[in-house]
Amino acid sequence: MYSFLKEGEFIQITIEEKGKVSGFISRFGDTPSDKGSFLDQFFKSGRIEGGKLSITTEPVHGVWFTFEGTIGRGPGRKPEDEGYYVVRGTLTRFSTDAEKRTTSQERGVEFQSFPRDTSPPQ
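For the sequence shown, the numbering used here begins at 29 and goes up steadily by one.
Hints may contain errors.
What the hints assert, rightly or not - EDC-like mimics (lysine to aspartate or glutamate), calculated; alpha carbons at most 16 Å apart, straight line:
#1 34 with 68
#2 63 with 37
#3 80 with 44
#4 48 with 77
#5 34 with 138
#6 72 with 96
#7 80 with 96
#8 46 with 77
Source of the hints: derived by calculation from the structure; they are not laboratory data.
Given only the sequences and the hints, what does the whole structure look like? Please build it.
Structure follows, in structure tokens:
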């Protein structure tokens, strides 16, 4: 799990066999119909090759995301440290309005991994 754009938001990335990536983004809605609601956006597609990561989410309320970038080691020294892994790249937010016009906003992002719980199960 990694931080997302705002405090309380996160992205779950699961690397599966043969470079397939699954997961979801949990974020706060920002359109008039869902402002402040917590939304889950599942990955429509995802791939990883080497350290290069690409993701596209399913649309929710006319909004979806694509990500192109890398995943690699961050400043954390141990898996239980925040930022042990870092996802860096370009996140593009697409939105479709009532007239079916699509707009996009692109930005550079860095998502740091949450600390892992390394204590043994009880």
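Taking the hints in turn, this is what the structure says about them:
Using a Cα cut-off of 16 Å, the hinted pair residue 34 and residue 68 holds, with the two alpha carbons roughly 14 Å apart. Our distance criterion of 16 Å between C-alpha atoms is met by residue 63 and residue 37, whose separation comes to about 14 Å. For the hint linking residue 80 to residue 44, the alpha-carbon distance of about 14 Å falls within 16 Å, and the restraint holds. A threshold of 16 Å between alpha carbons decides the hint, and for residue 48 with residue 77 the separation of about 9 Å falls inside it, so the pair holds.
Between residue 34 and residue 138, the direct Cα distance comes to roughly 12 Å. Compliance with the 16 Å bound is thereby established for this hinted pair. For a cut-off of 16 Å, the pair hint linking residue 72 to residue 96 stands: about 14 Å separates their Cα positions. Distance check on the hinted pair: residue 80 and residue 96 sit about 8 Å apart at the alpha-carbon level, within 16 Å; holds. This hinted pair checks out: residue 46 and residue 77 have alpha carbons roughly 9 Å apart, not beyond 16 Å.
The structure agrees with every numbered hint stated previously.
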